[in-house]
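Given chain A, work out where chain B should sit, using these hints.
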Amino acid sequence: MLKPGELYLNRRFDRDDLLRKIESSLIGIDYAIQENFGEVFLVADKEKLYETLSILKEKLGFNYLKSLTAADYVDHLEIIYCLYSFSNAYSLTVKSILDADSPEVQSVFSLWHGADWHEREAFDLFGIKFIGHPNLKKLVLWDGFDEHPLRKSFVLELSGEEGGDS
Amino acid sequence: MPFDLTKDIDTEVMEINFGPHHPSTHGVFRFVAKLDGEVVVDIEPYIGYLHSGIEKIAETRRYLQFLPLVNRLDYTASLTYELCLCLALEKMMEIEVPERAQYIRIMLTELQRIATHLIFFGTTGLEAGAYTPFLYAFREREVILRLIEMTCGSRMTTNYFRVGGCKWDLPGGFEDLCRKFIKKFPKRLDEYDWLLSGNEIFRDRTIGVGRLDADLAINLGVSGPTLRGSGVRFDIRKAEPYSGYDRFDFDVPYGLNGDVYDRFMVRVKEMRQSLRIIEQALDGMPGGDHIAKVPKVLKPPPGELYYRNEGTRGEIGFYIVSDGSTMPYRLKIRGPSFSNLMSLRHMMVGHSIPDIVLIFGSIDICVGEVDR
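Heads up: the protein sequence lines correspond to chains A and B, in order. Residue 128 in numbering that gives the first Met the number 0 sits at position 129 of the first sequence, and the numbers go up by one each step. Residue 292 in numbering that gives the first Met the number 0 sits at position 293 of the second sequence, and the numbers go up by one each step.
Some hints here could point you the wrong way.
To be verified - Within a straight-line C-alpha distance of at most 30 Å, the following computed DSSO-like cross-link-like pairs (lysine-lysine) qualify:
1) B:K237 - A:K94
2) B:K237 - A:K2
3) B:K90 - A:K20
4) B:K33 - A:K136
5) B:K55 - A:K137
6) A:K151 - B:K90
7) B:K298 - A:K151
8) B:K295 - A:K151
9) B:K90 - A:K94
10) A:K58 - B:K237
11) A:K136 - A:K47
12) A:K94 - A:K151
13) B:K186 - B:K237
14) A:K94 - B:K55
15) B:K182 - B:K237
16) B:K183 - B:K237
17) A:K94 - B:K298
18) A:K151 - B:K55
19) B:K33 - A:K128
Hints are computed from structural coordinates only; laboratory data are not their basis.
Looking at chain A on its own, in the form it has when it is part of the complex:
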């Protein structure tokens, strides 16, 4: 990391360098690398997800959690962590597949405190249970509303024309 007051200027990282570092750090852990629009994605196994993320944080300097979210693919759910490293400008998206019926995953609150509300939001809107989260309560929806709106099974009643021309 730069010293306080030093400017972070034109930070690009070498993709191959990142992949090499990942390969040398994640020993004995199954993962797959994907690429979308020039960005690197890492698909990790759910059981080893927390371990993978903590190695990424400790060894590769991913100290900043840009975003944490999920996506519903009906037969499974995907949990998505967007990571950034202030020390060496790496950018990486880590994904993992969760069970659709009872999605559970280890909370990353202990790695990034910023995951707090992101996880509560995913708990609220997707129904994903984060094991080990210190305060896993509903975040944006009201108490007593026990559906998860961002699941595809929750169909939105639209007043306007759906996907019409405009």
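Chain B alone, transformed into the frame defined by chain A:
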């Protein structure tokens, strides 16, 4: 019954509720503060009063139909969100934006950055008990809003940027009015320094209050002026230049103490830098088209992408999952205020009630993007 002085007086922790409708919470945000006497020992924020399910609506709307909705996220700086979504889609569809459109985009977002920071400047004054700066700030903001209205047709919910460029070209007479504003505004900024930034009472109230450590800020996902106030001089416009920001010469202000005053000064100084960018954009405005040739129906190729840019309050991010159809399969919006708010507890604990209002104001949140 006479008061027995030999016994200790029982004290207990008191809970006090702020909001959802409280002038100092800038919208419908609520938090419960636990107080020991007048000192805050813990706070518990509650959000969701403005939750609009915009991410769900996105899945049922075409990309172009969704564009006006992102205006409602941060209603004071709507162009920054439009820019981020357009840039993300342009990256996915590999669309080259004409240079003129890039310049117009940068100029307008920077104008809006100044307008947003002016609201911050004014309301911080209000929170410290000074009413005058608010009126001064809104006088200048009005000029900017007129410029924006002239260009976009609307003052707040602009809906002006399109994938591939801008909806239409700059209107006639814009340059003259904008130049007039650029000429006048630095003097007004000096006036502000006299009014508030250099005011001794204000400095006493804010220096050393609500400290946020740089490492903790990064760990919490804090971004934007709030992060720069803590000494991390990170601005996505400089670190990962987008939309041609690397062509402009500007500085990134920062603070070293991470207190309310530093966060305040970062924003005040940023206004001058934005002004420099606007002036350079006006001087170097290239000719040509204001929009690229883009298919009528947007169909990004299948795949997913996280794209971010520097909003007025921090890192704006869009995570778009496309299945190759006309509508996004999943669209996640990362509002900077959402992450910045998590630092609230760390800043507030140990301070008294009048200070927590100032600390809350110093993060400069917009509830629209917190709740989404």
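How the hints compare with the structure:
no., hint, verdict
1, B:K237 - A:K94, "28 Å, holds"
2, B:K237 - A:K2, "17 Å, holds"
3, B:K90 - A:K20, "27 Å, holds"
4, B:K33 - A:K136, "19 Å, holds"
5, B:K55 - A:K137, "17 Å, holds"
6, A:K151 - B:K90, "27 Å, holds"
7, B:K298 - A:K151, "21 Å, holds"
8, B:K295 - A:K151, "27 Å, holds"
9, B:K90 - A:K94, "21 Å, holds"
10, A:K58 - B:K237, "26 Å, holds"
11, A:K136 - A:K47, "25 Å, holds"
12, A:K94 - A:K151, "19 Å, holds"
13, B:K186 - B:K237, "27 Å, holds"
14, A:K94 - B:K55, "21 Å, holds"
15, B:K182 - B:K237, "26 Å, holds"
16, B:K183 - B:K237, "27 Å, holds"
17, A:K94 - B:K298, "24 Å, holds"
18, A:K151 - B:K55, "9 Å, holds"
19, B:K33 - A:K128, "28 Å, holds"
In summary, this structure violates none of the numbered hints.
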